[in-house]
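**Student:** Single-letter residue listing:
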Amino acid sequence: MSIDPLRYICEDPLERKWAWISLILAFVMGGVLGFYALASNLHPPSNVETIDSSRLHLSEEFAEDNLGVKSNPDGSLTITMVAARYGFYPPRIEVPVDTPVTLRMASADVLHGVHVPGTNMTTMVVPGYISEVNTMFTRTGEFSLLCNEFCGLGHDHMWSRLVVVENSAGGQ
Amino acid sequence: MDDTKAAGLGLVNMWVGFIAFLAAAVMGLYQVLERSGLFPDLESPALYFASVSTHGVLMGFVLTTFLVVGFGYYTATTSLKQPLWNRRLAWFGFWLSITGVLLAAVPLLTGQASVLYTFYPPLKAHPAFYIGAALLVMGSWFWCLEMVMMMAVWKRAHPGETVPLAMFGTTANAIMWFITSLGVALEVVFQLIPWSLGLIETVDVGLARTLFSWTLHAIVYFWLFPAYIAMYTLLPKAAGGKLFSDQMGRVAFIMLLVFSIPIGFHHLYMDPFQAAGWKFLHMIGTFMVAVPTLITGFTIIASLEIAGRLRGGKGLLGWIAALPWSNPMVTAAGLGLLMLTMGGFGGMINASYSMNAMVHNTQWVTGHFHLIFAGTTVIMYFAIAYYLWPRMTGRRLYSNTLALTQLWLWFIGMLILTLPWHYLGIAGQPRRISSTPYDAALVQQWDASELAMIMGGFILLVSAVMLVFVLVRTQTNPQREPGMTVEYAEPLHPVLRIPRLLNGLAFWTALVVVYMIASYGYPILQFFLMETHGTTPWSI
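Chains as they are written, first to last, in the working numbering: chain H, 35 to 206; chain E, 950 to 1489.
Among these hints, one or two may not hold up.
[Unchecked claim] 30 Å max Cα-Cα, derived DSSO-like pairs, lysine-lysine:
| hint | chain 1 | residue 1 | chain 2 | residue 2 |
| --- | --- | --- | --- | --- |
| 1 | E | K1191 | E | K1263 |
| 2 | E | K1186 | E | K1104 |
| 3 | E | K1030 | E | K1186 |
| 4 | E | K1263 | H | K51 |
| 5 | E | K1191 | E | K1104 |
| 6 | E | K1030 | H | K51 |
| 7 | E | K1030 | E | K1191 |
| 8 | E | K1186 | H | K51 |
| 9 | E | K1104 | E | K1030 |
[Unchecked claim] Covered by chain E, per the in silico footprint, the following chain H stretches (three or more residues, Cβ under 8 Å):
| hint | stretch |
| --- | --- |
| 10 | 60-66 |
| 11 | 77-86 |
| 12 | 92-105 |
| 13 | 110-117 |
| 14 | 173-186 |
| 15 | 189-197 |
I should point out that these hints are in silico values taken from the structure, not numbers from a laboratory. Ideal placement from N, C-alpha and C gives every residue a C-beta, glycine not left out.
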């Protein structure tokens, strides 16, 4: 039998066993999350893309007329939104159920966050950067889209509507 | 008062911490009342966010820094049995930190720094707030230097001997704190101060958040270290037993030093501007830093079992009943470990790369860190105070019964406060809100938990007042009890020969630097390589 490498730092066999269990636990946790990250492409929103937040209205993508839900050729949807004190624009978003959705959002002023309780849609919205979340809504109904990062004295009032409708309704 | 033991410095530092703690506990009760929405007359976002910012700074920066520093000085002199390396420098650091606190207090209390204790640029506070915070941190660097030098001087005078475990842990903490506080210092000195003074127009919020994350995780271990040091070196003797393993204590302290800093991106999982691969790398480190805590749990419980069996406890669990639960150190450690276990499970979820999305920035997170920091860490601060006050002042503890009651109330109050918060977070409630003007269907399911949190906040304030009362009455107690010394725990197996790597910190410090460059080098450099757009200041 090979020699336990932990023997050099720990004399008690029971404690060595526990140290091994702790190490294995850490690697199993990391391994499971790594497996899902690779197998199901499950990552936190980690888009690295800059934008000038003070000139959003002059950008092509985040100009007022271009905000909202758009269909892509592959059947997925892209939602383009702006977060600005104290609201999300456009204030009401309607998407079909079970359809891949990409949310792209930029801040026009300070730090914001988006969370839709009951779903896994969440991201920080950081001035100077474009946030991107890929998700799919699996339940129909009316959801709240809450700002979940302190953005000023009106922060509590910053929320809007997300409506998930039956697929046949068509989206828009 | 014996000055070679730095009792004066220890006491003054800890008093500053506990006064800040009491003030912050009062604010805590106001905050739960305001936030619940049940008292319309109290509703005021301006007051609420000023209060939350002050509560966070007082608890997270003032209580902790002064307590760690005070405990460190006293531990160093009593465990090494040698005087301070440089008394005047130690006092200079103290006054520098005090100046910083007073400077930051003015804008905080007048609502000109309601940017929360995490700063949150591009929200801009008064420059005095950032300058004050920087001075507070810089004052603590003198303590770091003092600890490193004291260990070095001792080692030179005692060649081949093993550094006492309490000092080994204290110095590891000092080195870790210096390295980890550099992140926030860089953010404040090079970004926020010149920006708030109008010397530069914009800050890169991505860079600022990345630098803050460098500090944000290890700072909680800076707070936690004294709790672990007390569990390893004071608790076993107080319980009437021995430390199960001195060596594993060293391994745990070294792992905390190495793994707690280069893993800050788990605070940025939901942020843009850092790519997924870096976040994954930091997640692996985050799970590794759970290992020293698991090892600590084992060693401490095993040490308690030794004590329980020496006191006649029999059977699988009989030793638990045999422990001296009338001793505040034993009670605090038992309750602290319970809260650490519950909070640790929650922490695993927060740390998980993908599961984090469900709880990010919800009230769950507030519940989590109150359970581990305000629960486990702070209850051990209380135990340290009850243990050290008679030793530092030479007077008898005013009332053991009051001390025990205070600890139990803190534990009960903390559970009543934080368990509903965990639920609220899963039910979608954001943290950092002063009211809940949302959809009725969403808000209704939060009501019962909000009532519970008010009760928790009330119990905690009662407990906080009791702590300060007992400490004041101890210090003014006419019953003197001179000659009490700090009794450090003896290990079960005497330390005869120890690997050199477990008796020094130079190698491990170098390893942290390499690990930091690997995990933070490019993520910081990228902001200078790509075209970024800074942000101008915004008022709250």
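**Student:** Hint by hint, note whether the structure agrees.
**Tutor:** Taking the hints in turn, this is what the structure says about them:
1. K1191(E) with K1263(E): Since the Cα atoms of K1191(E) and K1263(E) sit roughly 17 Å apart, the hinted pair holds (cutoff 30 Å).
2. K1186(E) with K1104(E): OK: K1186(E) and K1104(E) at ~25 Å, within 30 Å.
3. K1030(E) with K1186(E): Roughly 19 Å between the alpha carbons, so the hint for K1030(E) and K1186(E) holds.
4. K1263(E) with K51(H): holds (24 Å)
5. K1191(E) with K1104(E): Satisfied, since the Cα-Cα distance of roughly 25 Å is no more than 30 Å.
6. K1030(E) with K51(H): violated (36 Å)
7. K1030(E) with K1191(E): holds (21 Å)
8. K1186(E) with K51(H): Judged against 30 Å, a Cα distance of about 25 Å means the pair holds.
9. K1104(E) with K1030(E): The hint holds at about 12 Å.
10. 60-66: Since 4 is at least three, the answer is holds.
11. 77-86: It holds: at least three residues are needed, and the stretch 77-86 of chain H offers 10 whose Cβ sits within less than 8 Å of chain E.
12. 92-105: Our answer is that it is violated, as 0 residues pass the Cβ test (under 8 Å) against chain E, missing three.
13. 110-117: violated (count 0)
14. 173-186: It holds: at least three residues are needed, and the stretch 173-186 of chain H offers 9 whose Cβ sits within less than 8 Å of chain E.
15. 189-197: holds (count 4)
When the structure is compared with the earlier hints, violations turn up for hints 6, 12, 13 and for no others.
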